[in-house]
Amino acid sequence: MAETLRYRDDEPVDHPAVTVDSFLDQSNASAVRIEPGDDARALVPHLERLALIEVNFPAFGDGRGYSSARILREAGYEGELRAVGDVLVDQLAYMRRCGFDAFEPDKQFDRDDVTAALERWPGVYQQAADDRTPIWSKRHA
Amino acid sequence: MYEYDQYDQAMVDARVEEFRDQARRRLEGKLTEDQFKPLRLMNGLYLQLHAYMLRVAVPYGTLDSRQMHALADIADKYDRGYGHFTTRQNIQYNWIKLEDAADILADLAKVEMHAIQTSGNCIRNISSDHFAGAAADELVDPRPYAELLRQWSSFHPEFSYLPRKFKIAVIASETDRAAMRLHDIGINIVTNEAGELGAAFYVGGGMGRTPMIAPCINPFVPLDRLVTYAEACLRVYNRYGRRDNKYKARIKILVHELGAEEYTRQVEEEFVHLLDQGVEPPLAELERIKGYFEDPAFDTGANARIDRSDPDFAVWVDRNTVEHKEPGYVSAVISLKPVGGIPGDATAEQMRLMADLAKDYSFDELRVMHTQNIVLPHVRKADLHALWAALDEAGLGSPNLDTVEDIIACPGLDYCSLANARSIPIAQRIAERFAANGKTGTLGELKLKISGCINACGHHHAGHIGILGVDRKGVENYQLLLGGSEAEDVSLAKITGPGFDENGIVDAVETVTTVYENERQDGERFVDTYRRIGMNPFKEALYG
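Protein sequence lines, in the order shown, are assigned to chains A and B.
Residues 1 to 141 in our numbering are what the first sequence lists, from first letter to last.
Residues 1001 to 1544 in our numbering are what the second sequence lists, from first letter to last.
Extracted from the complex, chain B is given alone in its bound form (with noise of 0.2 Å):
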């Protein structure tokens, strides 16, 4: 995985003195509130309900033993103990004190990990598929072009004060792990006809109050002009985007109202003048990224067979592991949706088994998943079980990936200052349903993603089930939605109906899932199955 240089760290050395001397200022009083917000926000720190909440950046989702260490140790020193994983392959903290900030930022620079653009009107963290390097369908490892990007668009001059944040991933493979479409830029590297390495650039995409799937607007842009074609998208965006209405100000909104085709002309136009201008790395800039992202000594003549005789652990091992390029190895998931738990928390304990076990089992490495679970991406065949028992015993067993059980959840109205209802109790409500029952395992691949306002950051449209909290008379009420998708098949779920209450919303799950199993034909997900039938067997269940 990537390593810093001296010109990487002395630069996020600066930054965290930048931000102990701004920190000071506020609290002297020479900065206002207004003007240390906009400050407090590109360095992850956000006022929630409670206290400070600070995002720590995790680049493509990509981690090592020592950082999730430094992770661990943080929640204990200045938090209360654990750690929440993120949609966007972060980690924040609930419980901080802003005095503590700057100190939480020198601890983090001392692992090569910061905060820098985590919040903010922004070029926020890159996002990656998170089997990178790993994957068997990959075309290429898409993380040294994150890389690249993320240095890029660290500290950009220009486009500090966008109209609103700016969310960019990058894949390479036809199968979407990484809500590609639903970002502000989408970036998949492909190859064209005379087998070149390329970039097609989707742009627009994006959920909150206005879902969007982002249209192609270029098919292949060269790799050696990777930087300059997203500099021209983010300066017709910055120069146009609306800053009049905080909620029309995402990128989508521009794309929509110009139309793709007026965008990208106008991109294009931009795109041209600053090929002039000087403002591409050269390749070999590219390729000294990539070298730090070659595979590792895999054990190839490492056993392809895995020992399924121990039952627990071959229901473990049907769900949670993934095919590698490598046959003698798999990519493990370690679930953070325990039955009953709060989706993405892991307490320092955890990190700190999680760490040892990447470094004894995973090439030292793990990723954060958007579905706020954690990755061992390199696991052999032939440790699988020392390592589910390893996991089993400390809570982190569960068999659920992509589950009923496996839901993405907002910190909705326990936590956050945005929120219109609690998505963490849904949450849990919905799991122990599940749990309880016995359909987990038999409903097969179903993605539940619940938000608690009408921001998405729970991503309910993506969800082939979607849950949404809002506010109705004081009273919090739960609207149902169905057919979403944030991957390759993507699509916007649709709302039901009328909404729910806190137990009419867990009831209403269930009635939806017993439609699809009394309709569904060999082989097809829920989704497959509703978008077969339509939306109508749906609502005669629910409301009929």
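Looking at chain A on its own, in the form it has when it is part of the complex (with noise of 0.2 Å):
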């Protein structure tokens, strides 16, 4: 397991996340871990009390993560929202618009290609759950 790659500055979370049945099912839990088919809006009644969401990519090309982290951005979750599993440093600039501020890849990434990749885009076209200004944005400002 590699290290986690974090855009936070509180302390982690120090327990592990429960799926997300358990988690609606107890109420003690303050971290629940996502899987694609999971409807990521289930979780919204109860935000408030979760410091940790973990969204699980079992396979790089299932996209379905990147909406369920949206959709918890756009529903006001502020806590810690953590890409797990194949996840590809080539997808790190997207995730980071669509609200992840934390990752923890199967595979470790490399410092520089990390850099890179967060740094490679001059601007962006879409508002997303991100803070960056849109360019249609910046045209008409």
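By construction, these hints were calculated from the structure, which means they are not laboratory data.
Among these hints, one or two may not hold up.
Which residues of chain A face chain B? A few of them, derived with a C-beta cut under 7 Å, are [unchecked claim]:
{"no.": "1", "residue": "H15"}
{"no.": "2", "residue": "R70"}
{"no.": "3", "residue": "R73"}
{"no.": "4", "residue": "L88"}
{"no.": "5", "residue": "Y94"}
{"no.": "6", "residue": "K107"}
{"no.": "7", "residue": "Q127"}
The list that follows gives simulated cross-link-like pairs (lysine-lysine, DSBU-like), each with its CA atoms no further than 30 Å apart [to be verified]:
{"no.": "8", "chain 1": "A", "residue 1": "K107", "chain 2": "B", "residue 2": "K1246"}
{"no.": "9", "chain 1": "B", "residue 1": "K1494", "chain 2": "B", "residue 2": "K1473"}
{"no.": "10", "chain 1": "B", "residue 1": "K1248", "chain 2": "B", "residue 2": "K1494"}
{"no.": "11", "chain 1": "B", "residue 1": "K1165", "chain 2": "B", "residue 2": "K1037"}
{"no.": "12", "chain 1": "B", "residue 1": "K1037", "chain 2": "A", "residue 2": "K107"}
{"no.": "13", "chain 1": "B", "residue 1": "K1110", "chain 2": "A", "residue 2": "K138"}
{"no.": "14", "chain 1": "B", "residue 1": "K1110", "chain 2": "B", "residue 2": "K1165"}
{"no.": "15", "chain 1": "B", "residue 1": "K1110", "chain 2": "B", "residue 2": "K1359"}
{"no.": "16", "chain 1": "B", "residue 1": "K1165", "chain 2": "B", "residue 2": "K1494"}
{"no.": "17", "chain 1": "B", "residue 1": "K1359", "chain 2": "B", "residue 2": "K1248"}
{"no.": "18", "chain 1": "B", "residue 1": "K1165", "chain 2": "A", "residue 2": "K107"}
{"no.": "19", "chain 1": "B", "residue 1": "K1097", "chain 2": "B", "residue 2": "K1077"}
{"no.": "20", "chain 1": "B", "residue 1": "K1037", "chain 2": "B", "residue 2": "K1077"}
{"no.": "21", "chain 1": "A", "residue 1": "K138", "chain 2": "B", "residue 2": "K1246"}
{"no.": "22", "chain 1": "B", "residue 1": "K1030", "chain 2": "B", "residue 2": "K1246"}
{"no.": "23", "chain 1": "B", "residue 1": "K1473", "chain 2": "B", "residue 2": "K1246"}
{"no.": "24", "chain 1": "B", "residue 1": "K1248", "chain 2": "B", "residue 2": "K1037"}
{"no.": "25", "chain 1": "B", "residue 1": "K1359", "chain 2": "B", "residue 2": "K1325"}
{"no.": "26", "chain 1": "B", "residue 1": "K1165", "chain 2": "B", "residue 2": "K1246"}
{"no.": "27", "chain 1": "A", "residue 1": "K107", "chain 2": "B", "residue 2": "K1030"}
{"no.": "28", "chain 1": "B", "residue 1": "K1167", "chain 2": "A", "residue 2": "K138"}
Example chain B residues on the side facing chain A (calculated, C-beta under 7 Å, incomplete) [unchecked claim]:
{"no.": "29", "residue": "Y1007"}
{"no.": "30", "residue": "A1010"}
{"no.": "31", "residue": "Q1277"}
{"no.": "32", "residue": "G1278"}
We put the beta carbon where it would ideally sit given N, CA and C, even for glycine.
Fit chain to chain and form the complex, with the hints in mind.
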């Protein structure tokens, strides 16, 4: 297991994430893991007591987790949103835009590749879950 | 036409450097082929039977002469001196080396072009009406809406790992020249009762193994909500489109399995949610883009009469020119379907000639048609003879638009690793047969489309006559289909019966055209006669 890459200042949650089903059944967990087939909106009533939501990517080509992440941020979730599993460095920039602020990839990233991936894009064409200003907004500022 | 500003240029330049870095990491072994594949595909780079193929985006099919020259230069410098125009208004090169790919993308970026998202499970190049801005029957020019969506869909952070590829077409006339309802999303710009412009959304069309005609899920989305509505359509698909089976992963299957009503309900719910998320660009952005698509300075006093004294020229005018909104002009179609040639192929010299003619005679603009021909959209009638003479001399004057010779064919087994059968030689032999028997002109509009496998890149489901190549116990076999259309009279073709071998399919096409000639009533096209008399008379002639 590679180390976790975090873009937050708070302390990481120190207990393991539970499945969505067990989270909805018990009230004391503050960390949950979403699988690709889970409905992220099921967590929306409980966001206040969540400090960590892991979004699992069993295969990097399954993009459902990008929607899950954005939906959670759109619902106002401010805790840690961590992409785990088959996460590739070339996906980091889009994942950051969808609201992920932590990464726990199966295979360790090369530090230089991470820097390059996150610094590459001079602009963005869409409003998403990050704080970047879309190009269309800059054009009409 | 649209011009990049500093932002657009910086994005395309960044993409070139990203791909250069990815290719380097692949060559160093830091990326496996499985990991590299979706990255190269999102830059248009496929691995075909013999070499890499690079597909370059031509957004909504519009090019200027500088860009066409750059495409010619790439064909000479990195390929074998030719390129292939595709059914989604793009161009592809068939003999590319991986080591050259980043340099080609850099050459493209210099002329405001790219290969972004021309492949992969993402939102592909947005296609449109090839006569946009010229057609006499259009409500507005659809291209500004396509450009707005091009920017929205480029590098979309949520929708770059979709269940499957995603194709959008935008039109703005009742006549559908872009196969709009056979796209994942088809958008028709319309007016409501108050006379305001908006977008009708058709979702879930497509060809492939399970052809479907897209139902209208919303007849009028206001223009200041266009991007938000598209985002809602995509989010429902990204979350619930099937990922268990590649062949059931397109949005048409989701819409079909949920039912159009339930899919629409989910989209509307997501849409209401997204309206609060600030994803919609201001209307000022659409207005900014529209500024690039204003009419060129037409000579409104230009002579609307054409001197038809040269009979060969008159045939070409009748067949290959189309009414323009300005009476002194036409849109002129350059056929890339010479009899015996490869449909959609053009040599570098031909590309350069087309570019120069566009500069001289068409306000520096060209269009790629989904039927794999090139349009000069705005030609003064007074210049037509000079244009035709130059084209004819270069082998580009075939007077066969929309005839049986104007065949759409996929690359087939000559190039493609998915194909079961060859398409190109069948197209060549059919065109040769009808050129020899002299029936091309008398058969009138007859859209013939050939695919070399069930993925249907050659649009066989949408052909008045369709041909599907299959593999039958190791032998190429060709099924015949009748009655399809990709236009506003959209329909899916039906199979006639048992397939034919290579010789048999050419005979079979001739047989069905003979049935048409014997049965047609005044003014009927082949497909009209088929719709009136049904399949049986054709079956009897083929198998009886």
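Checking against the hints above, which ones are violated?
1, 3, 6, 17 and 21
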